[in-house]
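Use the sequences and the hints to build the structure in full.
Heads up: the protein sequence lines correspond to chains D and X, in order. For the first sequence, counting from 1, position 14 maps to 16 in my numbering; every step adds exactly one. For the second sequence, counting from 1, position 40 maps to 44 in my numbering; every step adds exactly one.
By construction, these hints were calculated from the structure, which means they are not laboratory data. You may find that some hints are simply not true.
What the hints assert, rightly or not - The list that follows gives simulated cross-link-like pairs (lysine to any residue, SDA-like), each with its CA atoms no further than 25 angstroms apart:
1) D:K92 to D:E123
2) X:K177 to D:E17
3) X:K177 to D:G13
4) D:K125 to D:A32
Claimed, not checked - To be clear about the criterion: a stretch of chain D counts as covered by chain X if any three or more of its residues have a C-beta under 8 angstroms from a C-beta of chain X, and this derived list gives those stretches:
5) 32-41
6) 45-51
7) 67-81
Where a beta carbon is used, it is the ideal one built from N, C-alpha and C, also for glycine.
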Amino acid sequence: MSFAWEMPPVGRAAETAMAVAATVPVLESARLRLRAPDVRDFAAYAEIFTSDRARHMGGPYSREGAWHDFCQAVASWMLRGMGVWSIERKADGVLVGFGYLWQEFGDPEPEIGWVLTEAAEGKGYAREAAEAIRAHAFDTLGMATVVSYVDHDNGRSIALAERLGAVRDPGAEAAMADPVRVYRHRPEGRA
Amino acid sequence: MTVALSGIPLIETERLVLRAPGPQDWEPYAAFILSDRADFIRPAEFDRGLAWRAFCHATGMWVVRGYGSFVIADRVTGATLGMTGPWHPEGWPEPEIGWTIWSTEAEGKGIAAEAARAAIDFAFRDLGWPTAISYIAPGNERSIALAKRLGAVQDTTAPRPGDGSALVFRHPKPEALA
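Put into structure tokens, the structure is as follows:
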């Protein structure tokens, strides 16, 4: 079920939400469009984050917890100039997942992250989205490096980080409070 | 007066500016929310991580809902004084007009009243809300006094958020006060 606070805005509020969304960069790749999240995307967000699919991201969450996570990720656009994108398939506009360039509370540096809906897995979308986000981080924002924090038992994301040419950073891993792999991306190391 | 700046309205009152929250507001917000001034509006067990989440919840609402909390700033000095605005936190039965004043120095000058009046006006006139309430913890006498000064009347039949202990004050439409 969805709750009253998840309803799409109307009137002036809808105009404001669109104006704020317009400040979020749109990234395009061959098959995907990464755009500002819309409250209507929360249903898919909640489905992912209240499920076992969120086990590598501190989940599964309650629906309220997923809402807080969603708000935290979108607020990042206003507070840090980076945040979460909704990833849609260009061909049919279907939402396939979410991509991140953000720095969560307590994280030492900004990270690139990705999560897909179950139906969208196995098609290379996560890689395509991560490459688009990485290009934005390096080529548009001029960042020198960015990491991906990946759980040791998240085999799929480990494989993707390595396919992307990211390299584990033992020093950064040792500095983390909890055991996690830190994959470092560099502009020159892009695979 | 309401003008648009980067998509988010900017409201000017006699002494104040109500503007979008930004990164510069995080430290003053954290100092407030982690102090005993915020005892009525957050759980007793609270830390900086939860404070960040709460700050993002208030800020992110502008992106997902198209309205949210304004930071109250001094028109002349730009000093950050508090927050007010329409918002709809997770789990609440209806949207709310909230207000916080972040330091004792900013108290007792009618700042919360001036800012809250502008926020209520914005909710009714700009957002077209048919009604507006404020949830106030029992015992928060300053806030209760302010709600009454703003013309709000306690609504004992309205559904309440959380554990149901909050008092519900319903605001009159601005035209009813004119």
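Structure-based check of all given hints:
1. D:K92 to D:E123: Between D:K92 and D:E123 the Cα gap is close to 16 angstroms, so the pair holds against 25 angstroms.
2. X:K177 to D:E17: Answer holds: X:K177 to D:E17 is near 23 angstroms, not above 25 angstroms.
3. X:K177 to D:G13: Distance of about 18 angstroms is within 25 angstroms: holds.
4. D:K125 to D:A32: holds, 13 angstroms
5. 32-41: Contact hint for the stretch 32-41 of chain D vs chain X: holds, 4 residues under 8 angstroms.
6. 45-51: violated (count 0)
7. 67-81: holds (count 12)
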